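Novice: On the provided structure of chain F, position chain Y as indicated by the hints.
Protein sequence lines, in the order shown, are assigned to chains F and Y. Sequential numbering of the first sequence, starting at 1, is according to the numbering used here. Sequential numbering of the second sequence, starting at 1001, is according to the numbering used here.
It is possible that part of the hints are untrue.
As the list claims (entries may be wrong) - Okay, derived cross-link-like pairs now, DSS-like style, lysine-lysine, Cα gap no bigger than 25 Å in a straight line:
| id | chain 1 | residue 1 | chain 2 | residue 2 |
| --- | --- | --- | --- | --- |
| 1 | F | 24 | F | 78 |
| 2 | Y | 1101 | F | 78 |
| 3 | Y | 1113 | Y | 1061 |
| 4 | Y | 1058 | Y | 1069 |
| 5 | Y | 1061 | Y | 1049 |
| 6 | Y | 1101 | F | 24 |
| 7 | Y | 1071 | Y | 1058 |
| 8 | F | 68 | Y | 1101 |
| 9 | Y | 1101 | Y | 1069 |
These are computed hints drawn from the structure, not numbers from a lab. The model shown is predicted, which means the values in this text are computed figures rather than measured ones.
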Amino acid sequence: DAGVIQSPRHEVTEMGQEVTLRCKPISGHDYLFWYRQTMMRGLELLIYFNNNVPIDDSGMPEDRFSAKMPNASFSTLKIQPSEPRDSAVYFCASSLQGAPRYTFGSGTRLTVV
Amino acid sequence: AQSVSQHNHHVILSEAASLELGCNYSYGGTVNLFWYVQYPGQHLQLLLKYFSGDPLVKGIKGFEAEFIKSKFSFNLRKPSVQWSDTAEYFCAVTPSGNTGKLIFGQGTTLQVKP
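The shape of chain Y in the complex, shown without the other chains:
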């Protein structure tokens, strides 16, 4: 069965620190990969997605993620976080070409201290 694992459940950073959130998935075929963000009390919003091509994907608000196929990873990065990045971040995967099941990781809560 497909699964997604996010290594960090709770991350606390100071403003301007660099961020990297880990995400690994298990699936034998080609996949579409996503990072979603959920700000407090709000619904999930798409940060970025990878379907094919350049494995380094740039998203909104300065976020980027790198797909490393050999490691089944899709880690999220941001060089300098802001207080407004405080939120929960979810990695998700679905088999390529299939808009069926979108499987989420457990989520990582990011707290940025001003």
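Extracted from the complex, chain F is given alone in its bound form:
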């Protein structure tokens, strides 16, 4: 098993541009989570899905952020337009109902200049 795969590993973009982060969960896992990590706020849960359906998006900072999970093997987190304060490491994680062990991806380090 390749684990949770995120792309890109690093992204540098200019303020105002659209940014799309991608995540492939572990095959068979039915939960997918997006977290944001910053020095100031630590690890924040942005949104999570169960069976491709968004369950809780209360952590999404504002309307500039959106997330989708079109199928069981792929999810995206989009920021449009991006701002310098969005600079952070974004982690994706997946888990399986009844076996609460969360596996994290390597993260995407986003820098908005």
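Specialist: This is chain Y only, laid out in the frame that chain F set:
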């Protein structure tokens, strides 16, 4: 709302010193508890977890944690740290039986001096 509090933000120890990192959570029901470690530049890795049973949980790399229900605590310990334990440590909680929200503490940065 559920929350997790880690008391120490930055800990500096010499090699062979003993380690204890505090973690308290607020939640009225039964919980699953986790400690994750993040080595510099890497993703989070599970150190240990508690679901039920023996409140003293042993994890990888010589770490252990004790669940004290009356104190809502799940402190992480290691008798003798090594330089390679330098990392950030996160305590996390999720309601038992629910693989939904995994709520993290703020993290503790451990620096071990050789």
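Novice: If you draw a straight line from the CA of residue 1101 (chain Y) to the CA of residue 1069 (chain Y), is it 25 Å or shorter?
Specialist: holds, 20 Å
Novice: Would the hint linking residue 24 (chain F) and residue 78 (chain F) be met if the CA-CA limit is 25 Å?
Specialist: Roughly 15 Å between the alpha carbons, so the hint for residue 24 (chain F) and residue 78 (chain F) holds.
Novice: Going straight from one Cα to the other, do residue 1058 (chain Y) and residue 1069 (chain Y) come out at no more than 25 Å?
Specialist: holds, 17 Å
Novice: Between residue 1113 (chain Y) and residue 1061 (chain Y), is the straight-line Cα distance small enough, at 25 Å or below?
Specialist: holds, 18 Å
Novice: Please verify whether residue 1061 (chain Y) and residue 1049 (chain Y) have alpha carbons no more than 25 Å apart.
Specialist: Holds, at about 14 Å.
Novice: Within 25 Å, alpha carbon to alpha carbon, are residue 1101 (chain Y) and residue 24 (chain F)?
Specialist: Satisfied, since the Cα-Cα distance of roughly 19 Å is no more than 25 Å.
Novice: Mind checking the alpha carbons of residue 1071 (chain Y) and residue 1058 (chain Y) for me, to see if they're no more than 25 Å apart?
Specialist: Holds - the C-alpha atoms of residue 1058 (chain Y) and residue 1071 (chain Y) are around 20 Å apart, at most 25 Å.
Novice: When you check the alpha-carbon spacing of residue 68 (chain F) and residue 1101 (chain Y), does it fall within 25 Å?
Specialist: The given pair, whose Cα atoms are some 18 Å apart, holds under the 25 Å limit.
Novice: With the threshold set at 25 Å, check whether the alpha-carbon distance from residue 1101 (chain Y) to residue 78 (chain F) stays at or below it.
Specialist: Satisfied, since the Cα-Cα distance of roughly 21 Å is no more than 25 Å.
The structure shown violates none of the earlier numbered hints.
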